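**Q** Based on the provided sequences and hints, a complete structural model is requested.
Residues per chain, in single letters:
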Amino acid sequence: MTMPEPKPQAKTLITSAGMLLGVRRVSVLMPGIVVFAVAFGAAASAKGLSLFETVLMSAIVYAGVAQLVAMELWRPEWTWGAIAGLAVVTATVNARMVLQGASLQPWFAPYPKWLNALHLFFFTDANWLIGTRYHSEGGRDLGVLVGAGLALWLVWIAATIPGHVLGALISDPRAYGIDLVMPIFFAAMIVPLWRGRRALLPWAVAGAVALVTAKLVDGYAFIIVGSLSGALVGAFSDDAA
Amino acid sequence: MTLPDPGAWGAIIAIGAMALATYLCRISGVAMMGFIPLTPRVRRGLAALPGSIVVATVVPLIERLGMAAGLALLAAVGSMVLRRSELLALIVGMTVVSVARAFGL
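Residue numbers (full-length UniProt numbering), protein chains in the order written: chain V, 1 to 241; chain H, 1 to 105.
No wet-lab data here; the hints were simulated from the structure.
Only a predicted model underlies this, so the values are computations on that prediction, with no experimental measurement involved.
We treat Cβ as the ideally placed atom computed from N, Cα and C, and that holds for glycine.
Among the hints, a few may not be true.
[Said to hold, decoys possible] Looking from chain V toward chain H, a few residues come up when the C-beta cut is under 10 Å (computed):
1. Ser16
2. Leu51
3. Leu56
4. Ala59
5. Val61
6. Ala95
7. Pro112
8. Gly138
9. Trp153
10. Ile161
11. Val165
12. Trp203
13. Val209
14. Phe222
15. Leu228
16. Ala235
[Unchecked claim] Below, a sample of chain V positions facing chain H; criterion: calculated Cβ distance under 8 Å:
17. Ile60
18. Val98
19. Gly101
20. Ala102
21. Ser103
22. Ala109
23. Leu115
24. Asn116
25. Asp179
26. Phe185
27. Ala187
28. Ala199
29. Pro202
30. Ala210
31. Leu211
**A** And the structure:
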């Protein structure tokens, strides 16, 4: 043991009160999520996915941006190569989840592995935003993440259905600003995450590197490259919070 | 080795492949950090990570989605500074982007 752990606190807290709090926290994000799910359902029906396939994708992939990107690549006939290509694109779009998970790992570590493997199935951007804020306020009840994840999952699946059925009515989701739902939630998170001027340098580096990467490389690599740069600056600047 | 063609099951297998890729992304960051010792340096890096993810996600999107999007995100941040409400920030942001796009920005 090189580092004495701070006293073992109430280690693996997961309560129904926490789950309710999670549902409450996620409820303010619901209108945006519903609109997003309806847009996905509409895009899927336009691409010829059956209702079953559309709902199945929402239920087991459960990642809005990746699902919308997949609709760009969707085809009537599949080869193994095309399926592998789709899996790779999905992984690059979702690679931000690797970093999001890593940032919350100190919170998850004391919980049993099977429980983490289970609740991480429901881990999303919205979940990460809620969990990060809750954890930074000192909260440690994993129920918050579980409640938020489950509620969001059910609403996401349910809202996909009218989108698919009404399909043609929503031809251009961009006209309603749907492409901005997640960016707005992310931008709004800047305020509660603000830790004073000490955090400014990593953030500035993250933003600048991401901007340059987005110019040079197509796709979503900019999130990973930018975030890692910011984290590295944070790690090596001695007074970063 | 030759696999039989995906055929009629192609779409279902494609969805399964997406699900698997996504789940691996969900668990791999947590699993990886289980092997990395939490030194003070790693701890500081992790502390800087959430803000970095948010900024690295948002800044290039402003550039990609255009002027209207930039105004909407600024308005959303402003609304959060005044009132800590994500719902209000969303309403403000969506209103600004609709108006700005209606004016052709």
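**Q** Next, verify each hint and record whether it holds.
**A** Now for the hints, and whether the structure bears them out:
Because the beta carbon of Ser16(V) sits about 24 Å from the nearest beta carbon in chain H, more than 10 Å, this interface hint is broken. Checking Leu51(V) against chain H by beta carbon gives a least distance of about 12 Å; that is not within 10 Å, so the hint is violated. Checking Leu56(V) against chain H: minimum C-beta separation of about 6 Å stays under 10 Å; hint holds. This hint holds: Ala59(V) has a C-beta 9 Å from the nearest C-beta of chain H, less than the 10 Å allowed.
Look at Val61(V): its Cβ gets to within about 5 Å of chain H, closer than 10 Å, so that hint holds up. The criterion of a C-beta within 10 Å of any C-beta in chain H is met by Ala95(V), whose closest approach is roughly 6 Å, and the hint holds. With 10 Å as the threshold, the beta carbon of Pro112(V) stays out of range of chain H, its nearest partner Cβ sitting at about 13 Å, so the hint is violated. Using the Cβ-Cβ criterion of 10 Å, the hint placing Gly138(V) at the interface with chain H is not satisfied: the shortest such distance is roughly 14 Å.
Interface restraint check for Trp153(V): the shortest CB-CB distance to chain H comes to about 13 Å, outside 10 Å, so the restraint is violated. This hint is violated: Ile161(V) has a C-beta 16 Å from the nearest C-beta of chain H, more than the 10 Å allowed. Because the beta carbon of Val165(V) sits about 19 Å from the nearest beta carbon in chain H, more than 10 Å, this interface hint is broken. For Trp203(V), the interface hint holds, since its Cβ comes within 10 Å of a Cβ in chain H; the closest pair sits about 5 Å apart.
Here the hint on Val209(V) is kept, as its CB sits about 7 Å from the closest CB of chain H, short of 10 Å. Because the closest C-beta pair between Phe222(V) and chain H is about 5 Å apart, less than 10 Å, the hint holds. Given hint, Leu228(V) at the interface with chain H, holds; its Cβ is 8 Å from that chain's nearest Cβ, closer than 10 Å. Interface restraint check: Ala235(V) against chain H, minimum CB-CB distance 3 Å, threshold 10 Å, status holds.
The beta carbon of Ile60(V) is positioned within 8 Å of a beta carbon in chain H (closest approach about 4 Å), and the interface hint is therefore held. For Val98(V), the interface hint holds, the least distance from its beta-carbon to any beta-carbon of chain H being 4 Å, beneath 8 Å. Satisfaction of the interface hint for Gly101(V) is found here, the shortest Cβ-Cβ separation to chain H being roughly 3 Å, below the 8 Å cut-off. Because the closest C-beta pair between Ala102(V) and chain H is about 4 Å apart, less than 8 Å, the hint holds.
Taking 8 Å as the C-beta contact cut-off toward chain H, the hint placing Ser103(V) at the interface holds, the least distance being around 4 Å. Evaluation of the Ala109(V) hint against chain H yields a held restraint, the C-beta minimum of about 7 Å falling below 8 Å. The beta carbon of Leu115(V) is not positioned within 8 Å of any beta carbon in chain H (closest approach about 11 Å), and the interface hint is therefore violated. Contact between Asn116(V) and chain H, as hinted, is supported at the beta carbon level, the nearest pair being about 6 Å apart and thus within 8 Å.
For Asp179(V), the shortest C-beta to C-beta distance to chain H is roughly 6 Å, which falls under 8 Å, so the interface hint holds. Interface restraint check for Phe185(V): the shortest CB-CB distance to chain H comes to about 6 Å, inside 8 Å, so the restraint holds. With 8 Å as the threshold, the beta carbon of Ala187(V) comes within range of chain H, its nearest partner Cβ sitting at about 4 Å, so the hint holds. The interface hint given for Ala199(V) is met, as the beta carbon of that residue sits about 6 Å from the closest beta carbon of chain H, less than 8 Å.
For Pro202(V), the suggested interface contact is upheld, since its CB lies about 4 Å from the closest CB of chain H, less than 8 Å. About 4 Å separates the beta-carbon of Ala210(V) from the nearest beta-carbon of chain H, less than 8 Å, and the hint is met. About 5 Å separates the beta-carbon of Leu211(V) from the nearest beta-carbon of chain H, less than 8 Å, and the hint is met.
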